[in-house]
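Chemist: If you want the building blocks of each chain, they are given just below.
2 protein chains.
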Amino acid sequence: MAKKQLGPTTNLFPMPAVLVAVKTGEHTANILTVAWCGIVGGNPPLLALEIGQSHFSTPYIEAEGCFTVNVPSSSQVVGVDYCGMVSGTTDPDKPATCGWTMAPASKISAPLIVECPLNLECRVVKKVDTGTGLFYLAEILETHVDEAVLAAPKKINAGALDPLIFTPDGFYHKLGERVAKAWDAGRALKKA
Amino acid sequence: MAKKQLGPTTNLFPMPAVLVAVKTGEHTANILTVAWCGIVGGNPPLLALEIGQSHFSTPYIEAEGCFTVNVPSSSQVVGVDYCGMVSGTTDPDKPATCGWTMAPASKISAPLIVECPLNLECRVVKKVDTGTGLFYLAEILETHVDEAVLAAPKKINAGALDPLIFTPDGFYHKLGERVAKAWDAGRALKKA
Numbered sequence: 001m002a003k004k005q006l007g008p009t010t011n012l013f014p015m016p017a018v019l020v021a022v023k024t025g026e027h028t029a030n031i032l033t034v035a036w037c038g039i040v041g042g043n044p045p046l047l048a049l050e051i052g053q054s055h056f057s058t059p060y061i062e063a064e065g066c067f068t069v070n071v072p073s074s075s076q077v078v079g080v081d082y083c084g085m086v087s088g089t090t091d092p093d094k095p096a097t098c099g100w101t102m103a104p105a106s107k108i109s110a111p112l113i114v115e116c117p118l119n120l121e122c123r124v125v126k127k128v129d130t131g132t133g134l135f136y137l138a139e140i141l142e143t144h145v146d147e148a149v150l151a152a153p154k155k156i157n158a159g160a161l162d163p164l165i166f167t168p169d170g171f172y173h174k175l176g177e178r179v180a181k182a183w184d185a186g187r188a189l190k191k192a
Numbered sequence: 001m002a003k004k005q006l007g008p009t010t011n012l013f014p015m016p017a018v019l020v021a022v023k024t025g026e027h028t029a030n031i032l033t034v035a036w037c038g039i040v041g042g043n044p045p046l047l048a049l050e051i052g053q054s055h056f057s058t059p060y061i062e063a064e065g066c067f068t069v070n071v072p073s074s075s076q077v078v079g080v081d082y083c084g085m086v087s088g089t090t091d092p093d094k095p096a097t098c099g100w101t102m103a104p105a106s107k108i109s110a111p112l113i114v115e116c117p118l119n120l121e122c123r124v125v126k127k128v129d130t131g132t133g134l135f136y137l138a139e140i141l142e143t144h145v146d147e148a149v150l151a152a153p154k155k156i157n158a159g160a161l162d163p164l165i166f167t168p169d170g171f172y173h174k175l176g177e178r179v180a181k182a183w184d185a186g187r188a189l190k191k192a
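Listed in order, the protein sequences are those of chains A and B.
In case it helps, the numbering used here puts the first sequence at residues 1 to 192.
In case it helps, the numbering used here puts the second sequence at residues 1 to 192.
Identical copies go unnamed one by one, so any copy, or any two together, can satisfy a pair.
For lysine-lysine, the following DSS-like pairs were computed, each having C-alpha atoms within a straight-line distance of at most 25 Å:
id, residue 1, residue 2
1, Lys155, Lys107
2, Lys154, Lys3
3, Lys126, Lys107
4, Lys154, Lys174
5, Lys3, Lys107
6, Lys174, Lys3
7, Lys181, Lys191
8, Lys4, Lys174
9, Lys190, Lys174
10, Lys4, Lys154
11, Lys127, Lys107
12, Lys154, Lys181
13, Lys174, Lys155
14, Lys181, Lys155
15, Lys4, Lys107
16, Lys155, Lys4
17, Lys3, Lys155
18, Lys107, Lys154
These are computed hints drawn from the structure, not numbers from a lab.
Using the sequences provided together with the hints, build the complete structure.
Modeler: Quick look at the structure:
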């Protein structure tokens, strides 16, 4: 195949489309859509997440040292996109605009989005200064999941969860068909 | 919806399924499958990636200070799974086993997987010690993309790329249907 060089880019496929929620007052919260995040550790579970320093949510993360990562289902796409387009400065009550309910987390002060089938409670453990940038490293302290999407006591069925997928060409997608089982399909290449 | 708490977990949906390639000798390379990674910066483009310290590839990353991240298409799933199951200690020539060709990168010593439609040249800028873990932060120096998946001079069509998606329930998926356009669908909730 003929290839073209595009220079330095952020073209990772796929990306998640998650909702980061922070506490902004006694009974108020802000929600920010983030695609630049990933798991970077398992013991303890760690998540890395880029949030621009100029964002409305940033001082609240700094003050509280925590946020929740809420994994939406594909049916929530309009609210997901809205929370990535409109700042909390313009709309101080994005949860109400999106028709979502905030509920207390169990281990941190940032609230959970009830309507999202999966919620991760995250405590910031490190702000990573890269010289030209900055991102947060957070420990996942608790996982809340809709019982309806559990395939086993601790196993989430991805198809039932129906997560939203973001791609750098600017579209949200549903999860497609299963093509293989992990730690299994590769056996075909194993030498006897 | 009734929710259940699962404790601290790494349940982020979706995850990428990418192939990390390193140079292991003058004409040899190793390939490692990674799902724990994400973009964490845009200027310059930064990628965070977890690679266990005991992995075969780790000393080569340490020695060369670089790796490539190769985004496979869904048709490459057997090789992708194999490279996540079998160590370079057992198979010192995984590229040959998978039927893949390695080619020189333009800015780093780690090689590219020719058959992958998208390749990112990454230089390690920081090894992040989290107290209990360790991961790499890398700057993306160059992007190589199959011309056939370009929708515009610098825009990759996600559907044409046909990336592989990993979900923590242990399955690989194709990208599903588009559900909305980003920075557009959310307008429906904007106040006049």
